[in-house]
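Using the sequences and the accompanying hints, generate a full structural model.
Residues per chain are reported as follows:
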Amino acid sequence: GAVVSQHPSRVICKSGTSVKIECRSLDFQATTMFWYRQFPKQSLMLMATSNEGSKATYEQGVEKDKFLINHASLTLSTLTVTSAHPEDSSFYICSGGRGSQETQYFGPGTRLLVL
Amino acid sequence: AQKITQTQPGMFVQEKEAVTLDCTYDTSDPSYGLFWYKQPSSGEMIFLIYQGSYDQQNATEGRYSLNFQKARKSANLVISASQLGDSAMYFCATVHFIQGAQKLVFGQGTRLTINP
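Residue numbers (the numbering used here), protein chains in the order written: chain A, 1 to 115; chain B, 116 to 231.
A couple of the hints might just be wrong.
[Unchecked claim] Below, simulated DSSO-like cross-link-like pairs (lysine-lysine); rule was C-alpha separation at most 27 Å, straight line:
#, chain 1, residue 1, chain 2, residue 2
1, B, 218, A, 55
2, B, 218, A, 41
3, B, 188, A, 64
Calculated directly from the structure, the hints in this document are not laboratory data.
In structure tokens:
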């Protein structure tokens with residue numbers, strides 16, 4: 001299978017600060033990466049689709065100025081939660097595949113707690 | 116629009132028994148795929164099995180098999196000889212292709228607990 005890593009695994013920050021989460025494909029090149037959000041006891045909700053070298057495509061209701069996504073290389077995508085607030089506390093998971101129509105492999109997730 | 120329905124919020128099964136997790140889907144795509152993922156308490160999403168809508172045979176991967184009934188729009192996951200380590204959340208998902216890229220649409224999940 002394909003391996004995807006995320007960093008950090010857990011982060012606690014103060015309200016108003018920005019947090020960057022990294023998603024890396026370790027043994028394959030991911031043209032497309034996806035960012036999901038999962039609240040406790042709920043399913044995963046797609047936030048945005050990240051394409052290498054181009055702007056991310058955001059799902060309806062997701063603020064692109066608050067959740068900044070950068071896909072600078074075929075192995076790295078970053079999600080920055082700007083001016084985080086307690087309601088942004090959640091589990092953020094990224095995924096990637098070898099091609100846009102390939103099986104998605106997920107990272108281990110990042111638990112964000114905003115105080 | 117694509118939709119996945121998992122009607123079992125929780126399942127309790129004795130170790131070594133087989134278990135079936137239900138999944139029904141609704142999609143407008145003529146060609147589609149169905150996935151099952153396992154999410155342990157650690158949070159990672161582990162890919163288990165995939166079924167393409169035009170696959171002639173039901174998918175199998177070790178102890179996992181998919182009971183795909185296209186006419187009923189169901190894609191139930193069957194786990195044989197359950198183990199304690201199978202306790203986790205299980206998500207069924209369908210893939211929706213839009214503008215050349217895929218998007219996964221997940222069901223609400225089923226929490227499986229294996230009792231010793």
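query: So which hints don't hold here, by number, going up?
result: 3
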